[in-house]
Structure formats: C-alpha cells, structure tokens
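Q: The task is simple: from the sequences and hints, build the whole structure.
So the protein lines, in turn, are chains A and B.
This note's numbering puts the first residue of the first sequence at 1, with every later residue one more than the last.
This note's numbering puts the first residue of the second sequence at 1, with every later residue one more than the last.
Since the hints were made in silico from the structure, they are not lab data.
Every residue gets a Cβ at the ideal spot worked out from N, C-alpha and C, and that includes glycine.
Check each hint, because a few of them may be wrong.
What the hints assert, rightly or not - Below, computed lysine to any residue pairings styled on SDA-like, alpha-carbon distance capped at 25 Å:
{"#": "1", "chain 1": "B", "residue 1": "4", "chain 2": "A", "residue 2": "111"}
{"#": "2", "chain 1": "A", "residue 1": "169", "chain 2": "A", "residue 2": "200"}
{"#": "3", "chain 1": "A", "residue 1": "113", "chain 2": "B", "residue 2": "18"}
{"#": "4", "chain 1": "A", "residue 1": "204", "chain 2": "A", "residue 2": "165"}
{"#": "5", "chain 1": "B", "residue 1": "35", "chain 2": "A", "residue 2": "303"}
{"#": "6", "chain 1": "B", "residue 1": "35", "chain 2": "B", "residue 2": "6"}
{"#": "7", "chain 1": "A", "residue 1": "113", "chain 2": "B", "residue 2": "42"}
{"#": "8", "chain 1": "B", "residue 1": "35", "chain 2": "A", "residue 2": "104"}
{"#": "9", "chain 1": "A", "residue 1": "113", "chain 2": "B", "residue 2": "1"}
{"#": "10", "chain 1": "A", "residue 1": "113", "chain 2": "B", "residue 2": "5"}
{"#": "11", "chain 1": "B", "residue 1": "4", "chain 2": "A", "residue 2": "107"}
{"#": "12", "chain 1": "A", "residue 1": "377", "chain 2": "A", "residue 2": "117"}
{"#": "13", "chain 1": "A", "residue 1": "113", "chain 2": "B", "residue 2": "4"}
{"#": "14", "chain 1": "A", "residue 1": "377", "chain 2": "A", "residue 2": "355"}
{"#": "15", "chain 1": "A", "residue 1": "377", "chain 2": "A", "residue 2": "266"}
{"#": "16", "chain 1": "A", "residue 1": "113", "chain 2": "B", "residue 2": "36"}
{"#": "17", "chain 1": "A", "residue 1": "204", "chain 2": "A", "residue 2": "232"}
{"#": "18", "chain 1": "B", "residue 1": "4", "chain 2": "A", "residue 2": "357"}
{"#": "19", "chain 1": "A", "residue 1": "113", "chain 2": "B", "residue 2": "57"}
{"#": "20", "chain 1": "A", "residue 1": "377", "chain 2": "B", "residue 2": "18"}
{"#": "21", "chain 1": "B", "residue 1": "4", "chain 2": "A", "residue 2": "332"}
{"#": "22", "chain 1": "A", "residue 1": "113", "chain 2": "B", "residue 2": "58"}
{"#": "23", "chain 1": "B", "residue 1": "35", "chain 2": "A", "residue 2": "117"}
{"#": "24", "chain 1": "B", "residue 1": "4", "chain 2": "A", "residue 2": "281"}
{"#": "25", "chain 1": "A", "residue 1": "113", "chain 2": "B", "residue 2": "53"}
{"#": "26", "chain 1": "B", "residue 1": "35", "chain 2": "A", "residue 2": "280"}
{"#": "27", "chain 1": "A", "residue 1": "113", "chain 2": "B", "residue 2": "47"}
{"#": "28", "chain 1": "B", "residue 1": "35", "chain 2": "A", "residue 2": "111"}
{"#": "29", "chain 1": "A", "residue 1": "314", "chain 2": "A", "residue 2": "303"}
{"#": "30", "chain 1": "B", "residue 1": "4", "chain 2": "A", "residue 2": "344"}
{"#": "31", "chain 1": "A", "residue 1": "377", "chain 2": "A", "residue 2": "268"}
{"#": "32", "chain 1": "B", "residue 1": "4", "chain 2": "A", "residue 2": "60"}
{"#": "33", "chain 1": "B", "residue 1": "4", "chain 2": "A", "residue 2": "355"}
{"#": "34", "chain 1": "A", "residue 1": "377", "chain 2": "A", "residue 2": "154"}
{"#": "35", "chain 1": "B", "residue 1": "35", "chain 2": "A", "residue 2": "277"}
Unchecked claim - Partial list, computed: chain A residues near chain B (C-beta under 7 Å):
{"#": "36", "residue": "79"}
{"#": "37", "residue": "108"}
{"#": "38", "residue": "111"}
{"#": "39", "residue": "353"}
{"#": "40", "residue": "357"}
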Amino acid sequence: MTDTTRPPVTDWATDFDHTRPEYAESAPEIWEQLRNECPVAHTDRFGGAWLPVRHEDVAAIARDTEHFSSEGVIVNDFRPVDLAPIGYAPPITSDPPFHQVARRLLLPAFAPKQIDRWEPVARATCQELLDELLADGADVVDAAAQYAQHIPVRVIADMLGVPREDGDKFRTFIHRILEVPGSGGPGEIEYEDTLDYYLDEAVKERRANPRPGSDDLITYLIEADLDGEPLTDDHITGTIGLLIIAGIDTTWSAIGSSLWHLAQRPDHRRQLVEDPDVMVFAVEELLRAYAPVTMARIVAEGVTDAEIGGCPVKERDWVLLPFPAANLDPEAFEDADQVILDRQRNRHLAFGVGIHRCIGSNLARMELRVGIEEWMKRIPDFELAADDPDAVRWSTGQVRGPRELPIRLLSTNEVA
Amino acid sequence: MQLKLDSEACQGHGRCYSLAPDLFDSDDEGYAVLKVTGDVPDALHDAARLAADNCPEFAITIEE
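A: What follows is the structure in structure tokens.
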C-alpha cells in the first residue's frame, strides 16, 4: 500500500494532514484554531498543499478558475499530469472552456424536475432500510452503516441502471479513492478489482445490450453527442466514475451527520416533528453546519501571481477548499457555531460556489430530506448510544461524515 | 419592490425556486428563471427577500 501511516500532526498551521485520524476526529476545532491563528495553513506533505479556512478565501479560490485549476480535486502524493482541460472525470476535473461543454451535457439529467422522479425510489429505499433496521427489535442500531450509507448507493445504482448489488463494489472504490487517496496504484490491486475496470465493463455491457428509450444515465451518456460527435469512452467512463465517487459518500455523510446532530438535540427533533415547514430551512442549515465536502484545486501551470489571503502560492501547489470550514466562519454567518434549524439567511457553500457548483445538489438535498423525514416518522426519538459523542468514528480525507454511528432507539412507530 | 436576477452569475443552486416558488422557476438545466416582471406583489416581499438572502452567488438583487 501507499504510505497510509504518515506521521501524526503536531502543528496544524505548518504541517496539516487531512488524511490523519486526528483531523477526522476534531476538524471543526482545528478550523477554528486556524481561523484565529493562521487562516491559510500550509503543509509540505503531498508535495506542498494549502488549507485556507476563511469563507472569503475559500469562495474566492472556488470562483477563480484562471489561477486555480480543477485538474486535480483529490489531494494525494501524485499530481495529475497533462490532463487539463478535460481531466479524468469531466466535468469536475475540467477547466474552461471544456468544462461548460461537459457540464451542460449533464445538467438536464440533474435539474429539479428530473430529480423529482427519483424521490419515490429514495423514499421506498429508506422505508425498506428502516423495516430491516427495526425488524429484530434491537434497541441500538448503527445509523451510518445500516441506514445512511445505503440510501445514495441504491439510488445511484438505479439511476445508472446497474444492479443494486454492485453497491458493495462502489463502497470499496470510494473508500480507496477518498479515504486513502493515492492508494490502489499499479501493482497494489488486481485490475479486475478497480473502478476503471468496472466502468469499462459497464459501458461495454450497455453497448452490447443497448436499452433504447431507457432513462438510465449510462444509456444517456452513450446516446449523447457533443457537436454531433459521440462522447469518447474515456469521457463516458470518467463521468460515470464521477457520479459514483461524488454521489455516494457525500450524501451518506450528510445524512449521517444530520442524524448525529438530531440524536443530541431533543428540541430539534421536536421542531421537525411539530413543524414540517421548517424542513426546507433545516436541510440547508444541516448542510451548512455539517457540509461533508472539501474540494481541491491545483495552482495552474505557468501561474506566477496567485495568492491566498495574502500568502503567495506557486504553480502546481495543491489547495484544499474546506467548504465546511467556510460555513462555520463567524465573519460570514451570524452565530456560525450554532445550528439554527430555521436560519433565514444562509448562503452556505456546502455544494461549492462558482462554475463547479455540485451538479448533484438537487439529488443530494432530496436524499437528505427524505432520509431524515422517513427516519423521523419511524424513529421520532433517539440518542447517541455511547455516552461520549466522540466515540463516533468520522471519515478521513476530503469527505467528512460519521462512518460508525451507534444510536439508541427511544421510541419507534409502526408503519403508518 | 423590484427583483433582478443576474443570469450570468446564477449557477443553478436552486435555493430561490425552492424558497420562493411563486417568484422563481427552474429551467431545463436547473438555472433560475424569474417568474414576475415589474413590481413584486406585497404578499411576496418576504419570499423575495428570502430568495435574495440565500443565493450563494449573490445573483438576486432587490430594489425598493
């Protein structure tokens, strides 16, 4: 395996490492400390990377596609080479002008009216999971492993038109790519066990057995064209890979963090049950407070004049964009450290900002809302099973959420 | 009250049409479309402010 045992961090300002367990455990405290002491942190790890934590800096970099390239979006020991402007997973890894072409191709499939069609699928999935969860009468369940993680996996499998059983493979790919970035390189695992192989086979299979008229996304991409030309296989597999990698851990994390929060707040549980109108605000506030995604950029090749909040940066440096840190910045949000379910002014950056706004944001929001609604219907009252809230295990890397979340069920309802 | 939507700045976050569906709609790609022209009816002033206050791109402005 690639080095997954980097030394522990003793100074977050000059030697941060977001892949270490101590970052996963206390990221919000680390961001707060940095915000007060050194709002643009640096590390020599990963060949040199920056971690700005102020809302202002994070938003400015996200919008500045001239100095900061999306060619690499997951910080690891290796830099992508010669991939701009398309990148390995368009459009998230694409820069203008190709970015817009690749993005417009996908936008219609993720617009609200299309996503509405998947709400019944998400709802039925949640209900099935809750039936299974409550079937054996256990009073402690794992809300992350037994509930949250399966919701986006099953919905994405259905959207792609692949068997739901493939979800286990998805989770392996995702773990390798997001939690242990840089691992799984040549020689470490068999090609047949890689995401690349899975994607090649899935596209081959669909080409061999076309599904005319199907609304699945693999068929959609195979049938799509750019200026009259079909997409290249690399473009198709890269985009499907993106949907799997970006659409699962992220939403799983958001649902898990929200349940972790609600488990500790009887007043918020009551508020959701008693006032369903608060949900449209609550979803956004939970996304603000527990935004799962930290994005990344690379200072574009040839750039000599880029800076972050006054710190000069050099070409090919990595830059992390911790959207959750930006969302907790008191300069940008009133009572930033408080979760206010009906917060009225909330320009949060959970889905990023600028031209790379998360294309799956409507899907993620729907899954989060439905995931909470269905849980609350069946389990209106619950608490953390461990006395110590830190006993929950948080993921490492650029997607933050609880991976083990033992919950004690205090009251449950039969199916309505 | 008049509402302005800067379509160049809009990135399709969708906050406006979920918070103020009487004032905003989504186009086929998820970008916002303004549904009203001229004065915003009094009953929708709060919704207009909500839409403006929650746009991450600052694409919505209100003139009173």
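Q: All hints, please: hold or fail.
A: Now the hints, each set against the structure:
For the proposed pair residue 4 of chain B and residue 111 of chain A, the alpha carbon gap of about 22 Å is at most 25 Å, so the pair holds. Taking the CA atoms of residue 169 of chain A and residue 200 of chain A, the gap is near 14 Å; set against the 25 Å cutoff, the hint holds. Between the alpha carbons of residue 113 of chain A and residue 18 of chain B the distance comes to roughly 12 Å, so the proposed pair stays at or under 25 Å and holds. The hinted pair formed by residue 204 of chain A and residue 165 of chain A meets the criterion: a straight-line CA distance of about 19 Å does not exceed 25 Å.
Between the alpha carbons of residue 35 of chain B and residue 303 of chain A the distance comes to roughly 42 Å, so the proposed pair goes past 25 Å and is violated. Under the criterion of a C-alpha separation no larger than 25 Å, the hint pairing residue 35 of chain B with residue 6 of chain B is consistent with the structure, at around 14 Å. Proposed proximity of residue 113 of chain A and residue 42 of chain B is contradicted: the alpha carbons are some 28 Å apart, above 25 Å. A C-alpha spacing of about 23 Å is found between residue 35 of chain B and residue 104 of chain A, which places the hinted pair at or below 25 Å, so the restraint holds.
For the proposed pair residue 113 of chain A and residue 1 of chain B, the alpha carbon gap of about 29 Å is over 25 Å, so the pair is violated. As the CA atoms of residue 113 of chain A and residue 5 of chain B are separated by approximately 21 Å, the hinted pair is consistent with the 25 Å bound. Distance restraint check for residue 4 of chain B and residue 107 of chain A: the Cα-Cα separation of roughly 24 Å lies within the 25 Å cut-off, and the hinted pair is therefore satisfied. Our distance criterion of 25 Å between C-alpha atoms is met by residue 377 of chain A and residue 117 of chain A, whose separation comes to about 22 Å.
Between residue 113 of chain A and residue 4 of chain B, the direct Cα distance comes to roughly 24 Å. Compliance with the 25 Å bound is thereby established for this hinted pair. Simply put, residue 377 of chain A and residue 355 of chain A have alpha-carbon atoms about 37 Å apart, too far for the 25 Å limit, and the pair is violated. Restraint check for residue 377 of chain A and residue 266 of chain A: satisfied, since their Cα atoms lie roughly 15 Å apart, inside the 25 Å limit. A threshold of 25 Å between alpha carbons decides the hint, and for residue 113 of chain A with residue 36 of chain B the separation of about 20 Å falls inside it, so the pair holds.
With a C-alpha separation of about 13 Å, the suggested pairing of residue 204 of chain A with residue 232 of chain A holds against the 25 Å cut-off. A threshold of 25 Å between alpha carbons decides the hint, and for residue 4 of chain B with residue 357 of chain A the separation of about 21 Å falls inside it, so the pair holds. Distance restraint check for residue 113 of chain A and residue 57 of chain B: the Cα-Cα separation of roughly 22 Å lies within the 25 Å cut-off, and the hinted pair is therefore satisfied. Distance restraint check for residue 377 of chain A and residue 18 of chain B: the Cα-Cα separation of roughly 23 Å lies within the 25 Å cut-off, and the hinted pair is therefore satisfied.
Our distance criterion of 25 Å between C-alpha atoms is met by residue 4 of chain B and residue 332 of chain A, whose separation comes to about 23 Å. Distance restraint check for residue 113 of chain A and residue 58 of chain B: the Cα-Cα separation of roughly 24 Å lies within the 25 Å cut-off, and the hinted pair is therefore satisfied. For the hint pairing residue 35 of chain B with residue 117 of chain A, the CA-to-CA distance comes to about 23 Å; that is within 25 Å, so the pair holds. The suggested pairing of residue 4 of chain B with residue 281 of chain A holds, with an alpha-carbon distance near 23 Å, which does not exceed 25 Å.
For a cut-off of 25 Å, the pair hint linking residue 113 of chain A to residue 53 of chain B stands: about 24 Å separates their Cα positions. Annotation: proposed proximity of residue 35 of chain B to residue 280 of chain A holds, straight-line Cα distance about 21 Å (limit 25 Å). With a CA separation close to 21 Å, the supplied pair residue 113 of chain A and residue 47 of chain B stays within the 25 Å bound. For the given pair, residue 35 of chain B sits about 18 Å from residue 111 of chain A by alpha-carbon distance, which is consistent with the 25 Å threshold.
For the suggested pair residue 314 of chain A and residue 303 of chain A, the alpha carbons sit about 7 Å apart, so the restraint of at most 25 Å is met. A hinted pair counts as satisfied when its Cα atoms are at most 25 Å apart, and residue 4 of chain B with residue 344 of chain A qualifies at roughly 20 Å. In summary, the hint linking residue 377 of chain A to residue 268 of chain A is supported, as the alpha carbons are separated by about 14 Å, within the 25 Å threshold. Of the supplied pair hints, the one linking residue 4 of chain B and residue 60 of chain A holds, its CA atoms being roughly 23 Å apart against a limit of 25 Å.
Under the criterion of a C-alpha separation no larger than 25 Å, the hint pairing residue 4 of chain B with residue 355 of chain A is consistent with the structure, at around 20 Å. Using a Cα cut-off of 25 Å, the hinted pair residue 377 of chain A and residue 154 of chain A holds, with the two alpha carbons roughly 21 Å apart. For the hint pairing residue 35 of chain B with residue 277 of chain A, the CA-to-CA distance comes to about 23 Å; that is within 25 Å, so the pair holds. Violation of the interface hint for residue 79 of chain A is found here, the shortest Cβ-Cβ separation to chain B being roughly 27 Å, above the 7 Å cut-off.
The beta carbon of residue 108 of chain A is positioned within 7 Å of a beta carbon in chain B (closest approach about 5 Å), and the interface hint is therefore held. Checking residue 111 of chain A against chain B by beta carbon gives a least distance of about 4 Å; that is within 7 Å, so the hint holds. Contact between residue 353 of chain A and chain B, as hinted, is supported at the beta carbon level, the nearest pair being about 5 Å apart and thus within 7 Å. Because the smallest distance between the Cβ of residue 357 of chain A and any Cβ of chain B comes to about 4 Å, under 7 Å, the interface hint for this residue holds.
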